[in-house]
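**Q** First to last, the protein sequences are chains A, B, C and D.
Under the UniProt record's numbering, think of the first position of the first sequence as 1, with each following residue one higher.
Under the UniProt record's numbering, think of the first position of the second sequence as 1, with each following residue one higher.
Under the UniProt record's numbering, think of the first position of the third sequence as 1, with each following residue one higher.
Under the UniProt record's numbering, think of the first position of the fourth sequence as 1, with each following residue one higher.
I should point out that these hints are in silico values taken from the structure, not numbers from a laboratory.
Some clues are possibly wrong.
For chains that are exact copies, the list does not tell them apart, and a pair is met inside one copy or across any two.
To be verified - Pairs of lysine-lysine residues, derived as DSBU-like cross-links and limited to a Cα-Cα distance of at most 35 Å, are as follows: (1) 105 / 23; (2) 42 / 12; (3) 23 / 85; (4) 16 / 42; (5) 85 / 42.
For clarity, every value in this text was computed on a predicted model and none was experimentally measured.
4 protein chains.
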Amino acid sequence: MNEQYLPEASNKKPVKPRTVQEKEAVMNRLKRIEGQVRGIQKMVEDDRYCVDVLIQISAINKALDKVGHSLLERHTHHCVASAIKNGNGEEAIDELMKVIQQFSK
Amino acid sequence: MNEQYLPEASNKKPVKPRTVQEKEAVMNRLKRIEGQVRGIQKMVEDDRYCVDVLIQISAINKALDKVGHSLLERHTHHCVASAIKNGNGEEAIDELMKVIQQFSK
Amino acid sequence: MNEQYLPEASNKKPVKPRTVQEKEAVMNRLKRIEGQVRGIQKMVEDDRYCVDVLIQISAINKALDKVGHSLLERHTHHCVASAIKNGNGEEAIDELMKVIQQFSK
Amino acid sequence: MNEQYLPEASNKKPVKPRTVQEKEAVMNRLKRIEGQVRGIQKMVEDDRYCVDVLIQISAINKALDKVGHSLLERHTHHCVASAIKNGNGEEAIDELMKVIQQFSK
Numbered sequence: 001m002n003e004q005y006l007p008e009a010s011n012k013k014p015v016k017p018r019t020v021q022e023k024e025a026v027m028n029r030l031k032r033i034e035g036q037v038r039g040i041q042k043m044v045e046d047d048r049y050c051v052d053v054l055i056q057i058s059a060i061n062k063a064l065d066k067v068g069h070s071l072l073e074r075h076t077h078h079c080v081a082s083a084i085k086n087g088n089g090e091e092a093i094d095e096l097m098k099v100i101q102q103f104s105k
Numbered sequence: 001m002n003e004q005y006l007p008e009a010s011n012k013k014p015v016k017p018r019t020v021q022e023k024e025a026v027m028n029r030l031k032r033i034e035g036q037v038r039g040i041q042k043m044v045e046d047d048r049y050c051v052d053v054l055i056q057i058s059a060i061n062k063a064l065d066k067v068g069h070s071l072l073e074r075h076t077h078h079c080v081a082s083a084i085k086n087g088n089g090e091e092a093i094d095e096l097m098k099v100i101q102q103f104s105k
Numbered sequence: 001m002n003e004q005y006l007p008e009a010s011n012k013k014p015v016k017p018r019t020v021q022e023k024e025a026v027m028n029r030l031k032r033i034e035g036q037v038r039g040i041q042k043m044v045e046d047d048r049y050c051v052d053v054l055i056q057i058s059a060i061n062k063a064l065d066k067v068g069h070s071l072l073e074r075h076t077h078h079c080v081a082s083a084i085k086n087g088n089g090e091e092a093i094d095e096l097m098k099v100i101q102q103f104s105k
Numbered sequence: 001m002n003e004q005y006l007p008e009a010s011n012k013k014p015v016k017p018r019t020v021q022e023k024e025a026v027m028n029r030l031k032r033i034e035g036q037v038r039g040i041q042k043m044v045e046d047d048r049y050c051v052d053v054l055i056q057i058s059a060i061n062k063a064l065d066k067v068g069h070s071l072l073e074r075h076t077h078h079c080v081a082s083a084i085k086n087g088n089g090e091e092a093i094d095e096l097m098k099v100i101q102q103f104s105k
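Just chain A, same shape as in the assembly (with noise of 0.2 Å):
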């Protein structure tokens, strides 16, 4: 069902696949930006006051930005430093810069 959510399936995966820990890790996070993200629709039914539910949005985008920033840093640590060290840095180095370019904008 969330299928239609995902981006175009790459075929790649991460050098080092996650381990059950660090899977754990990143799921709890997840699981907690979801109950976020449900407790700002209560308050949108519940007509709470707009600021309050702005202020609860950008702790939201703050969260996500923390898994993104833990998730880009292994990336970098494993992939990208994989990559390199096989000679293939370039390609890696500029997928990298890509998808921090998006993350500023």
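Knowing the structure of chain A, use the given hints to seat chains B, C and D on it.
**A** Using the frame of chain A, we list chains B, C and D on its own:
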């Protein structure tokens, strides 16, 4: 259950209650965002490529910004404008500026 | 000479002219920012370390955001509030929302 | 004179010195940004409309982001890639992540 994520309750309400249509429009966007958050949970579980997950996180941030902007717009047109007409503009504008600053961080 | 960088002239003016003190406060900040921009020019000429230059660019961005926020605050307190009181609020708020959106991109 | 704005000197240098052409390209952008900053000083002195000044500040921010991104790109292709190849990748990547985080704030 989601209550734990709600910011401290302010007693304020939008000066003009959200109409059923307005609520529906915001709720649809938030439901979609909730689906996107679940989508990236599945991506992490499936050990999908880091950059694909990052692109999706960036899309959620943009979707949240859009919801935030539309709430901000409504808030300014109704709550802030009304406060200004009633001679309580200073406080309402200070509050508005603070929430805008929070978003830009 | 700098005129080439100015956006197309709008005929509008702040409803309440900036006082000498207000102009001075903004000008001091802008002079400091100009100095910072010249500072990074020197850093580039001296082939200084990339990350050091980047940190400085980030500092200039933050300084510009601060000036921007203070101008936005004054604009809302004076121009927007005045337009709302005079029954021209809609247009002033739309313009405000547009410039806020531009900043958040 | 501008030295007061320089961050504390790090002894590091780009692993591959900037070429004359690279320096020129960055300097041209920075000279243009300096002109834009002087442009908004003139706008403030002339008591130009707040929103016009704000649009111009937003343009400078975007121009700085572009310079920053191109420096970041070069830094990653040369300094970070070289550190990774020489077995000092961890430190270089941590530094990179930190400066990216600083930019996103």
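**Q** Run every hint past the structure and note whether it holds.
**A** Hints, verified against the model:
no.: 1; hint: 105 / 23; verdict: both (27 Å within a copy, 26 Å between copies)
no.: 2; hint: 42 / 12; verdict: between (38 Å within a copy, 16 Å between copies)
no.: 3; hint: 23 / 85; verdict: both (26 Å within a copy, 28 Å between copies)
no.: 4; hint: 16 / 42; verdict: between (39 Å within a copy, 18 Å between copies)
no.: 5; hint: 85 / 42; verdict: between (49 Å within a copy, 30 Å between copies)
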